[in-house]
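Could you build the full structure based on these sequences and the hints that come with them?
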Amino acid sequence: MSGRRLQWWFVGPALALLVLFNVFPLLFNVVLSFTNAELVGAEREFVGGANYARVFSDPRFAEAIRRTAAFVALAVSIELALGFTLALSIRREFRGKALLLTALLVPMMLSPAVIGLFWNLILNGNYGILNQILGALGLPEPQWLTDRDWKFTSVLLIDVWMWTPFMMLISLAGLNSIPATLYEAAQVDRASAWTVFRRITLPLCAPLLGLAVLLRATDALKQFDLVMATTGPNDKSTETLSTLLYQVVFRDGKLALGSAYACLVLVLVIAVATAFTRYLEGLNRRPA
Amino acid sequence: MSTPLLELRAVTRRYGAREALSRVDLDLHEGEILVVLGPTGAGKTTLLRVICGLEAPDGGSLALGGRDLAGVGPAERDVALVFQNFSLYPDWTVRRNLEFPLRAPARTGGRALAESEIRERVERAAATLRIEALLDRPARRLSGGEMQRVAIGRAIVRKPRLFLMDEPLSNLDAKLREALRVELAVLVRSLGVPMIYVTHDQGEALSMADRIAVLVDGRIQQVGTPREIYDRPCSPLVACQLGQPRINLFEARVEAERLLSGAGTSLCPAPGHAPGPVRLGVRAEHLRVVDPGPDAAVVELVEQAGPEQLLVAHWAGQRVHVLVDRSREFHVGERIGLAVEEDRAVLWPSP
Chain A
1 MSGRRLQWWF VGPALALLVL FNVFPLLFNV VLSFTNAELV GAEREFVGGA
51 NYARVFSDPR FAEAIRRTAA FVALAVSIEL ALGFTLALSI RREFRGKALL
101 LTALLVPMML SPAVIGLFWN LILNGNYGIL NQILGALGLP EPQWLTDRDW
151 KFTSVLLIDV WMWTPFMMLI SLAGLNSIPA TLYEAAQVDR ASAWTVFRRI
201 TLPLCAPLLG LAVLLRATDA LKQFDLVMAT TGPNDKSTET LSTLLYQVVF
251 RDGKLALGSA YACLVLVLVI AVATAFTRYL EGLNRRPA
Chain B
1 MSTPLLELRA VTRRYGAREA LSRVDLDLHE GEILVVLGPT GAGKTTLLRV
51 ICGLEAPDGG SLALGGRDLA GVGPAERDVA LVFQNFSLYP DWTVRRNLEF
101 PLRAPARTGG RALAESEIRE RVERAAATLR IEALLDRPAR RLSGGEMQRV
151 AIGRAIVRKP RLFLMDEPLS NLDAKLREAL RVELAVLVRS LGVPMIYVTH
201 DQGEALSMAD RIAVLVDGRI QQVGTPREIY DRPCSPLVAC QLGQPRINLF
251 EARVEAERLL SGAGTSLCPA PGHAPGPVRL GVRAEHLRVV DPGPDAAVVE
301 LVEQAGPEQL LVAHWAGQRV HVLVDRSREF HVGERIGLAV EEDRAVLWPS
351 P
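Protein chains in written order, with the numbering used here: chain A, 1 to 288; chain B, 1 to 351.
Since the hints were made in silico from the structure, they are not lab data. Ideal Cβ placement from N, Cα and C applies to all residues, glycine included. Check each hint, because a few of them may be wrong.
Said to hold, decoys possible - A short list of chain A residues far from chain B (calculated; beta carbon distances all over 10 Å):
id, residue
1, Asn-36
2, Arg-190
3, Pro-203
4, Asp-225
5, Ala-271
6, Arg-278
As the list claims (entries may be wrong) - Anything over 10 Å on all C-beta distances counts as not near chain A; from chain B, calculated:
id, residue
7, Arg-67
8, Glu-132
9, Ala-133
10, Arg-154
11, Ala-274
12, Gln-309
Unchecked claim - With the C-beta cut set under 10 Å, the calculated list includes, among others, these residues of chain A facing chain B:
id, residue
13, Thr-181
14, Tyr-183
15, Ala-186
16, Ser-192
17, Thr-195
18, Ile-200
19, Leu-204
20, Ala-206
21, Leu-209
Structure follows, in structure tokens:
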């Protein structure tokens with residue numbers, strides 16, 4: 001067998017799977033978005049850009065974009081700040097560090113559905129442990145998961161709880177990669193703690209932190225499972241792009257309209273991710 | 001002699017059960033360049049770290065300018081340390097890196113320097129080290145040699161009381177190393193700031209030092225001028241640290257005022273020595289080629305070393321190095337006679 005044909009035998013299976021499960025559905029989704037297909041029923045006709053026109057005139061879509069953007073921005077920045085601070089405070093060796101690290105990593109390892117369920121128990125307005133504590137302290141007891149003003153915050157809180165360890169872990173890796181002699185040189189040079197942080201710690205961690213932010217941001221853009229497990233879809237205060245999509249396609253049965261939503265979300269995610277990777281490459285291109 | 005600027009008395013530093021430094025005594029005088037020479041793992045870096053305050057000794061005392069250094073942090077000691085691996089602030093330009101030690105004290109409550117003074121000092125240091133062209137380049141974009149110059153520059157802008165240099169040239173290629181070590185010695189002498197320079201490179205030690213301290217296994221073996229240490233090493237261990245090629249060592253014995261090798265070869269006369277076992281050290285240039293006698297040596301290798309040639313020969317039951325001039329040609333397998341210049345040879349009591 002010639003080398004060229006052999007190459008195809010190696011690449012072929014993966015390529016076939018990729019086309020079958022990624023490329024084809026993607027293209028099919030684009031085609032669907034120009035029809036009037038419904039989830040149930042075989043009839044479909046070409047309707048041109050009608051679905052897109054509907055999407056753009058739909059305040060619900062704009063609202064979901066705004067909410068998702070707010071969610072991404074808030075979740076990622078809080079997680080970054082908390083995770084980095086945690087990493088800074090536990091970077092020194094101390095007794096029980098391994099145990100603490102393992103404990104801190106548990107939330108990240110759990111399934112979001114499980115997390116959603118037990119946070120439901122914690123945050124439940126009537127018998128949840130959080131409100132029992134707040135009540136015992138004489139503090140107000142908000143209806144975390146049913147009050148319109150608190151739902152979004154609750155989902156955000158759960159996401160922060162779940163993903164802060166991830167940020168911490170990456171930050172810790174970044175901190176550990178900084179050579180100790182840089183700190184010692186600064187000490188001999190009589191540098192202040194702030195200068196050391198600003199000029200050594202932060203810039204040397206930045207590329208890795210950037211990567212963590214990118215991963216978290218693209219993931220948070222797709223926020224679905226936590227919302228599903230707490231407030232459910234079709235909730236005005238917590239509807240993200242993904243749950244809106246779910247509602248439109250699987251609850252309302254509007255397959256074509258959902259496809260149009262999906263195409264737009266895809267474009268959005270790609271745009272954000274590309275902008276970010278460009279920025280990251282810029283950071284990394286500075287030779288070490 | 002005047003009181004030393006820096007005094008170390010019985011300084012000990014342990015890592016777990018291992019003693020990285022044991023009872024180190026060392027003095028450094030104003031304007032002096034002291035080179036600490038020793039093999040890898042001898043405790044050289046630990047010594048510098050203890051002196052500059054990055055590590056506290058487990059025993060003994062240090063005094064700088066008469067002031068006891070116990071409990072005095074690195075920032076207050078006013079010493080400059082150049083690390084082996086440069087340690088520049090990577091995202092700063094060379095200029096900011098050089099300015100930093102001048103600006104830092106003001107932030108921690110020290111005396112602030114005038115902007116013009118800072119600029120002048122940075123530019124003078126840059127000119128001295130010939131890095132003016134690099135001043136606006138970020139440190140991470142420098143080559144190794146450039147980084148090391150900047151690192152040295154960062155030490156000299158400050159006019160500290162003491163320079164500490166930890167093998168600053170060891171990461172550079174041989175040519176640059178030789179050029180920089182000369183520059184560095186001239187520069188430090190012109191500044192008049194005393195320096196402790198740590199190296200495992202005997203060439204650096206011999207070319208720069210006023211005095212050399214030989215450190216092996218955490219112990220100071222001998223302190224003296226390069227000449228003293230080269231000519232009168234206090235032990236075979238010290239003798240082996242200096243000299244290229246290595247000194248020839250013989251396990252010998254004195255019999256009837258003659259030195260005999262273990263194999264019974266007569267090495268040289270030893271008038272006035274009591275009979276018994278001794279150790280003999282003879283540098284390669286202190287072996288003379290003579291007419292072959294009964295105890296002839298056999299040439300195993302001839303190395304051309306520029307102005308001289310180095311013979312590797314088998315003699316008195318072991319391999320010896322002989323440095324001879326180029327006037328005569330030698331061949332492998334040739335039988336030659338060797339004679340020790342007995343007034344240059346060093347005798348130590350056998351352990």
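| task | Would you check whether A:Thr-181 satisfies its interface hint, that is, whether its CB is within less than 10 Å of any CB in chain B? | result | 5 Å, holds
| field | Beyond 10 Å from each Cβ of chain B, as asserted for A:Ala-271 | value | The assertion about A:Ala-271 holds, with a minimum of 29 Å to chain B.
| said: Is the claim that B:Glu-132 lies outside the interface with chain A correct, judged by CB distances over 10 Å? | reply: 22 Å, holds
| task | With a cut-off of 10 Å on the beta carbons, see whether A:Ser-192 makes it to chain B. | result | Since the shortest Cβ distance to chain B is 5 Å, the answer is holds.
| In terms of Cβ atoms, is chain A entirely out of 10 Å range of B:Gln-309? | Holds, since 43 Å exceeds 10 Å.
| field | Hint check: 10 Å Cβ-Cβ cutoff, A:Leu-209 to chain B | value | 14 Å, violated
| message | Given A:Leu-204 as an interface hint, is its Cβ closer than 10 Å to any Cβ of chain B? | response | 7 Å, holds
| Are all C-beta atoms of chain B more than 10 Å from that of A:Asp-225? | 39 Å, holds
| Does the nearest C-beta of chain B fall within a distance shorter than 10 Å of the C-beta of A:Thr-195? | 7 Å, holds
| request: Measuring Cβ to Cβ, find out whether A:Pro-203 lies farther than 10 Å from everything in chain B. | output: The assertion about A:Pro-203 is violated, with a minimum of 4 Å to chain B.
| field | Interface restraint verdict for A:Ala-186 against chain B (beta-carbon cut-off 10 Å) | value | 8 Å, holds
| request: Over 10 Å to the closest beta carbon of chain A is the bar; see if B:Ala-274 clears it. | output: About 53 Å separates B:Ala-274 from the closest Cβ of chain A, which puts it past 10 Å; holds.
This entry does not satisfy hints 2, 3, 10, 21, going by the numbered hints stated previously.
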